Amino acid sequence: MAERLSRELMALRVAAELRPREVVNLGIGMPTLVANYVPDSRGVVMHSENGILGYGAYAAEGAEDLDLINARAEHVRWHPGGAAISHTDAFSIVRSGRLDVAVLGALQVSERGDLANWMVPGKGVGSPGGGLDMAAGAKRLIAITEHSNQGKPKILRECSYPLTVAGRVNLIVTDIAVIEVTTQGLVLKERAPGWSTGEIQSETEARLRQVAPVKEMEFIIPETSPPGKVLPDAAAAVADIPDGATILMDGFGGIGGMAHYLMLALRDHGARDLTVVGNTVGIARVSTFGQPPSPGLQAIDHAILVEKGQVKHAIASFPVSPSPSRPSAFEQAYQRGEVTLEVVPQGTLAERLRAGGAGVPAFFTPTGAGTVVAEGKETKIIHGREYVLEQAIRGDYAFIRAHKADTAGNLVYRGTSRNFNAAMATAARITIAEVNEIVEAGALDPDEIVTPGLYVDRIVQRPEGFSPFRPVEEG
Amino acid sequence: MQKERLPRDVIAMRVAKELPAGAVVNLGIGIPTLVSNYLEGEQSVLYHSESGVLNYGPLAEEHEKDYDLINAGGQFLRWVPGMAFFSSDEAFAMIRGGHVEVTVLGALQVSEHGDLANWMLPQRGVGNIGGAMDLAVGAKRVIVAMEHTDRQNRPKVVKECTFPLTGKGCVSLVVTDLAVIEVTPDGMVLREVAPDWSAAEVQSLTEAKLQVAPDLREYEL
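For the protein sequence lines, the chains are A and B, in the order given. Oh and the first sequence: position 359 is 358 in numbering that gives the first Met the number 0, straight run, nothing missing. Oh and the second sequence: position 137 is 136 in numbering that gives the first Met the number 0, straight run, nothing missing.
If we strip away everything but chain A, and leave its shape as in the complex, we get (with noise of 0.2 Å):
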């Protein structure tokens, strides 16, 4: 029989699996491998449960670092752009599904996709560690292993093991053969250079169907670059709104944290229907959020977007003027029947999109109990106190103003700026990012960085000279 793949190349044909900028975790073992071979061009961010992203190669001997380590406590090296993140960041990042693959290793995959390998019966406890929630979460499973166990099919009918995942597994990389996770079974893909595929269904349990001519593997990865994330102008990154699109905006509610750009080109731009969440809609030209330099001007806010009739209805948690005698444009349509509002608590609502963003589909929280915030909503009494459930929100685009940017897209934010603008950022099918200061990948410390770059996937860069101001006569 021919020569087995060596761990390397299996770790390299992985590699070659892994499309330009996706999100990917690597298991124990072998997995880990398969960073290495992954070309920089790719734009892959390499997650790990113990909280980084974007990391490389393993770090020269001699230029370890004990604070940057992957799951298996191996030394790597910071990928430019990578960011540091928290445990539980980490596994928000799986739950909300952007872990776009998993390469796990395996003890046992079944015809049906279902993956052993946490435990050994008879071989102490075991350590599921992050498998499980990584073989749950991720989008595509691949399994890499050995083929066989000292002649024993670890590709079975069924797995015999205690379960790391039921029916999740979508590709199997193997020292013989790549094998596709089907609907109807096993299907045999690749061989290895001078396997023949009777060679490989004998060392299998589980049949293996060809539904195409089994090709040889090959170790070539393309150079495939993804394209990149900064944008011209603010027109160009809300060109495809559509009509009735939920936009995730606001800040605060003053000028710092406001993506007044963004707002403009959406102005422009026309969508209408809108849904706007945000802390506020528009109250900064109507009180000391928004004070005017010099008079004749006012303030950018959400008045430019409800006077053009594109607003529908809102959630927010401070939607009208604190002074009643100057409403905003937003509470005058309000007074109108032309828009429709859900007013929040405002800790509720940061919590709502905290969720959105996190994979959490709704969650009890004491605020608001007993009050009209309540009504129609289910309540719980746990350990002898009231508590509201409340769902999470999320929107097709969010506009985030930030401080500086990368290339990478992670994001910096100054001061009290950041407020909303880090859950919204989360929480968006498609976040768009409104800047300062854009600077290549690989500039900002990891260490600082609050918003990582997966979230963001537009950034436009504030013009020079622009001012959250206009000429009340512009309106």
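In case anyone wonders, no lab produced these hints; they're calculated from the structure. Given the structure is predicted, the values throughout are model-derived calculations rather than measurements. Just so you know, nobody snuck in bad clues.
Taking lysine to aspartate or glutamate pairs in the DMTMM-like style, the calculated list, with each CA pair at most 20 Å apart, reads: (1) B/Lys139 - A/Glu385; (2) B/Lys167 - A/Glu385; (3) A/Lys311 - A/Asp395; (4) A/Lys403 - B/Asp67; (5) A/Lys403 - B/Asp65; (6) B/Lys167 - A/Glu374; (7) B/Lys167 - A/Glu377.
Starting from the structure of chain A, add chain B where the hints point.
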């Protein structure tokens, strides 16, 4: 005879006495904001704001204004050493998680059970909840600082709130321009009265029943 009521600054001064040194404190908009003017030196506290800052200092002068440094009322703050910034979701995790010791809030009405109404005048039909509901349930101690009656001289300390509630049974202490009232499980206890005011006079401007503390005192500053 029109007796003199205490000015807003004296209400704030009286509230300041309630804040233990080193406590994490959140001040609402209005009279509560004034409290910070009367905390100095050894009594200093750590101010928390929903806008995402802890341990902030004084308000900024006009020439120091920075759009990236505001409190929850939209006022500009001065950059001082020791501040920490965080997101609004974390600011509220601090509140709900029991890390804010005292909050001082304004009120439209407080009931004798300690219910608080402060976010909406029913006649407006719409209002701003802001951070008040979270603070009402999350802060370990809720102090209300307000005028004793509204502009039409109607009591704001009532048997039952008629305005939409902010929180139920959350208020511990009410400090007004006439009195200091503690909310206890057995009802409201009148602890202090403004100079020249009698307990009976305060009760006549209060809808809730006030029990007079055996050691009733004049407002202590």
